[in-house]
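> Going line by line, the protein sequences match chains A and B.
Counting along the first sequence from 1, when you hit position 86 you're at 86 in this note's numbering, and nothing is skipped either side.
For this note's numbering, add 1000 to where a residue sits in the second sequence, where the first one is 1.
For the record, the hints were derived by calculation from the structure and aren't laboratory data.
Treat the hints with care, since some could be wrong.
[As the list claims (entries may be wrong)] Facing chain B, a subset of chain A residues (Cβ under 7 Å, in silico):
(1) 15
(2) 16
(3) 40
(4) 46
(5) 93
(6) 114
We put the CB at the ideal spot given by N, CA and C, even for glycine.
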Amino acid sequence: GAVVSQHPSWVICKSGTSVKIECRSLDFQATTMFWYRQFPKQSLMLMATSNEGSKATYEQGVEKDKFLINHASLTLSTLTVTSAHPEDSSFYICSARGGGPTYEQYFGPGTRLTVT
Amino acid sequence: KQEVTQIPAALSVPEGENLVLNCSFTDSAIYNLQWFRQDPGKGLTSLLLIQSSQREQTSGRLNASLDKSSGRSTLYIAASQPGDSATYLCAVRRSSNDYKLSFGAGTTVTVRA
């Protein structure tokens, strides 16, 4: 149980375009979802926290107009990287938590974004 | 702000040797600490979670200890195998009503056959 999926697993896009990444909790209802960014050989950096039906809370230094987060249902959150640039190339990981046995965060497999 | 440090950054051992991975954190006021495994290009798999009131947790060949007062945790992996090769991350959670995790940069382990 407590499976989190991400789609796509990897994506290549051209500079200036937007790309959407989906995060789904497959077997539990996620009251909160988190979006992280990870550069090679570095730690995961929390970008934002989203609660179902409300606006996401962004960490300091994260541009909310560039990284649009929508948590429209208890099983789906999306991250849209708008007007992507090569410096946005990174590994994006989401996590989700619910209640009861899913009280802690469960992580998705990640999405590798490459902006050319 | 919580700072989490993992030393060493990389470790290479022959198969069968025991592994000792270290994690330190600057603010001892934590709710729990978690150890994760990350394979290349993959997400995170939770290995062990230690509540702040606990001193250690064990699962199979894995044992994690926590010394909250000194801001340290150690992950022991007994009788290492090539399949243990991965990056190991520790993360701390600050309080019961704050679900954010602060991560270390990880220790990349290579177990040589």
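> Now tell me, hint by hint, if it's right for this structure.
Right, here's what the structure says about each hint:
1. Interface hint at residue 15 of chain A: violated, since its Cβ lies 23 Å from the closest Cβ of chain B, which is beyond the 7 Å cut-off.
2. Violation of the interface hint for residue 16 of chain A is found here, the shortest Cβ-Cβ separation to chain B being roughly 26 Å, above the 7 Å cut-off.
3. Interface hint at residue 40 of chain A: violated, since its Cβ lies 10 Å from the closest Cβ of chain B, which is beyond the 7 Å cut-off.
4. The restraint placing residue 46 of chain A at the interface with chain B holds, with a minimum CB-CB distance near 6 Å, inside the 7 Å limit.
5. At about 6 Å, the closest approach between the beta carbon of residue 93 of chain A and any beta carbon in chain B falls short of 7 Å, and the interface hint on this residue holds.
6. The criterion of a C-beta within 7 Å of any C-beta in chain B is not met by residue 114 of chain A, whose closest approach is roughly 12 Å, and the hint is violated.
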